[in-house]
Structure formats: C-alpha cells, structure tokens
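Participant: Protein chains in written order, with the working numbering: chain R, 1 to 207; chain U, 208 to 423.
Treat the hints loosely; a few may be bogus.
[As the list claims (entries may be wrong)] Here are the simulated lysine-lysine pairs, DSSO-like style, with alpha carbons at most 27 Å apart:
1. K111(R) to K15(R)
2. K111(R) to K178(R)
3. K178(R) to K288(U)
4. K3(R) to K176(R)
5. K14(R) to K288(U)
6. K288(U) to K244(U)
7. K288(U) to K3(R)
8. K14(R) to K3(R)
9. K3(R) to K178(R)
10. K178(R) to K200(R)
11. K244(U) to K111(R)
12. K3(R) to K15(R)
13. K176(R) to K14(R)
14. K15(R) to K176(R)
15. K200(R) to K176(R)
16. K220(U) to K178(R)
17. K178(R) to K15(R)
18. K288(U) to K15(R)
Please keep in mind that the hints were generated in silico from the structure rather than gathered at the bench.
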Amino acid sequence: MIKLNAFFKSFGPKKVLRGLNLETESGEIVTLVGNNGSGKTTLLRILTTLDVPDSYNIAEIDGFDLSTNREEVRSRIGYLSHNPPYYPELTGVENLKFWLDLNSIENSEEKARNLLAQVGLISFSDDLSGNYSRGMIQRLGFSMAISHSPTTLLLDEPFTGLDSEGTEIIEELLLKQKEDGCSIVIVSHDELSYSDRTIKLERGEIA
Amino acid sequence: MNPLIVLIRKELKVEFRSLQGIVSSALLSFMILMTFKFSMFLDSNFEGTGVLWSVILLTGLGLITHISTRESERGTFELLKLSSITRYQLFLGRMAGSLLLLWILSTIITILYVILFENQFGNNLSLAYLVVLVGCVGIAAVGTLAASTATPLHGGWMITSLFSIPILLFTVIEASLRATDSLVTNDSDFQLAFMLLILYNLAFVTGGAWLSELSE
C-alpha cells in the first residue's frame, strides 16, 4: 500500500512533482497516465528509493517511510523499469537466480525456472540473455520484479515490446498478483480495462 | 547464500564470459611495461619497483572503472541498489569482485615484470608477490568507491582516476613501493612498510563501507 501526502520533487529549477497526494489499497491496480515529462517515471523511481523526494508530509509503503526505512521499502517493492536491466553474459535463469540469491530467497534455481515458465521463457532459460529479443527481456524483467513476492508492484510501461501472447501472459500474472493482495501501479500511455483506477498526471499534479 | 559471494560469482561469470576487462587491461599493462623497458631504461641501471606499481595502479584503476561503467551503462547498478542488502554489503561485494579480477591482472603484470626486467627480487619473489596482492586491496577499495560515485556522471572514468590516484599514491602505493623496494635492496624497512600497507587497506575498506552506508 502506498501513501503519499504533499509530495514534492524538483530537478534544479524544474518542479517535477508538486504536492502530490496518492493512496493505493492492497489488491488495487492503479494506472498512471500522462504526457511525456508529467512526472510519472520520477514518481515511480522515488517510490523505489532510487531517487529522493525534496519534501513530503507522508511518503510510505506498507507504513514504512521512504527516507528512513529504505531497506524495508526495497524488500517490499517489485520494480520494472522502462528498459529492464540484465546481464547479457548470463543466461535467463542465471539472471533471475542472481537476483533471488541477492535477496536471500531460498531454492533460487527451482524458483527461477518456475518464474521463467510462468512468463513463457522456459525453453530459453539456458540461453544467454544477450541473445533475447526486446519482448523476452521485458518478460525476464517482469519475472524479476515479481520474484521476491513484493507487496507493491511498480511497472513503467510494462507492455513495451511485447507481442500479443506476451501481453496476455503479463496481464494474467498481474491479475494473479492483484488477487494475492499486491498493490500495483502501472505507468502507461493507454488506459487499461482491468485497472481499478486511472490517475492522470499533468505537470506533476493529479489532474 | 551470502550476498558477497553472490556478487563475486556474478562479477567473475560476467568477466570470464566477456573477457572485456582483463584482456584489454593485461594488454595495456604489457604495452606500458614494454615502453618502460625499451625507452626509459635503455642505458641505465635502476633499482626500485616504481614501474611495477605505476602499471598496477594505472591499469588496475582502468579495470575497476571498466567494471563500474559496465554496470552503470546497462542499468544493472540500479538493479543492485534495488536489492534488499545493506549498502556496505553492496560495496564490499562489488569491491571483492573487482579485487579478484585485480589479483588476476596484477599476477599477469608481476610475471611480465619479472620476465622483462629480470628478477630483481631474487629469493624474495614470493614476498614481493604477497605485497602486490595486499596492495591491490587498497586499490580495489578506493577505486570501487570512486567509480561507484563517478561512473554515472559524464567523464566518470576520468573523475575516478583524478580522485583515486592522489589518494592512493601517497598511501597504498607509497607503502607498497617501500615494501617491494626493501625486498630488492634487502633493507630492514620491509616489516614497517608492510604493516603500514595493511593499516592503509583497513582504513580504506572500512572507510569505503562506512561512506557507502552513509550515502543511504
């Protein structure tokens, strides 16, 4: 669950987020739409703790403050960036296993293969990820985002590069995460039919 | 599994499958050693191991910067930051990964040095090699800290060197140089210089871990 109140962020003189208020419930899918530069990605990056807000009254994920409980916040969020990072020298399963091991999740090899099966990459699991297509990288990134059972999922344009089959798989998994009580924020240019709420950002404010 | 081991294993896998860092650093080391061999010391006898440490410092920092730049450019540095491990564990894991690769590089450099400049160390060669391995710890600590801060910036590779070289030159490199020089000249300075080197390493490793945690 996300709770933001009077949330501000600037880059130099440019005010990117202006007193934003946002609350999400567990099991809720919220879509963030808005033009380029409206602050969608910045908001997501701050929620992941990769960027720091300038000021706020409340900024919490599951009751943990974004600035003072960063480790707790990080263990609760799953993040898929616009360009999912991966190691091209490692295979798909090695990339995922590395991430699971780093987060001290047991039976990492078995879990990694299981996740790759869920996103339809099992037959490519032992191929070097450097040979993956854009859509396959997106699926790998999504499997990494959900691998540690996060309570909050932050997805920045998750359907980029995906074919219709890939989109269907990710949508199914999203709905499963929702059923499990995960709070999901999706940055998208289009409104999504299964979204519980759509919020439009305009110049750092909710329109 | 311990996150430090996870990070080290990843670093070794990525490097050994790409061979981007070690091979180019080793070749650069060979070129610099050849330059010293055939230009600067053609007609002069020299005692001292400054050439060895110059090559280790310059190419070692190049290797560490390459590793860090690779992480930044791919966005995987952000992936590491998103993990739930502490910042000091992240620093130590990245430093240890770089250190292992630096040990491989410095082993190659030491072998080339001994071949090209004859064995100055005589029976003390194994002790000299130990000093090289210990000296690499400080280089890895300062280099990793500097590269983590600088590589996301434009010209980060240059900033890493500009920040690291002055710090290392008057601490780790000076102590290492004194230690290896004393092995060449059979002076009694070795123990003192080696102790000093260990102290510098301890200061840089703990300082790096502390600053990483502080940056949070």
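Participant: Sort out whether K15(R) lies within 27 Å of K178(R), counting only the CA atoms.
Facilitator: Not OK: K178(R) and K15(R) at ~33 Å, beyond 27 Å, violated.
Participant: Does the alpha-carbon distance linking K288(U) and K15(R) stay inside the 27 Å limit?
Facilitator: 25 Å, holds
Participant: Take the C-alpha atoms of K14(R) and K3(R), compute the straight-line distance between them, and say whether it is at most 27 Å.
Facilitator: 24 Å, holds
Participant: Is K178(R) within 27 Å of K288(U), Cα to Cα?
Facilitator: OK: K178(R) and K288(U) at ~26 Å, within 27 Å.
Participant: Keeping to a limit of 27 Å between CA atoms, is the pair of K14(R) and K288(U) held or broken?
Facilitator: 26 Å, holds
Participant: Given the hinted pair K244(U) and K111(R), is their alpha-carbon gap at most 27 Å?
Facilitator: 55 Å, violated
Participant: Run the distance test for K111(R) versus K15(R): straight-line Cα separation, threshold 27 Å.
Facilitator: 42 Å, violated
Participant: Can the restraint linking K288(U) and K3(R) be considered satisfied, given a maximum Cα separation of 27 Å?
Facilitator: 22 Å, holds
Participant: Taking only the CA atoms, is the gap from K3(R) to K15(R) under or equal to 27 Å?
Facilitator: 21 Å, holds
Participant: Just to be careful, I want the Cα atoms of K3(R) and K176(R) compared with a cutoff of 27 Å; is the pair within it?
Facilitator: 23 Å, holds
Participant: Compare the distance between the alpha carbons of K178(R) and K200(R) with 27 Å, and conclude whether the hinted pair is satisfied.
Facilitator: The given pair, whose Cα atoms are some 21 Å apart, holds under the 27 Å limit.
Participant: Taking 27 Å as the top limit, are the C-alpha atoms of K176(R) and K14(R) close enough?
Facilitator: Violated. K176(R) to K14(R) sits at ~39 Å, over the 27 Å cutoff.
Hint compliance for this structure: hints 1, 6, 11, 13, 14, 16, 17 are broken, all remaining hints hold.
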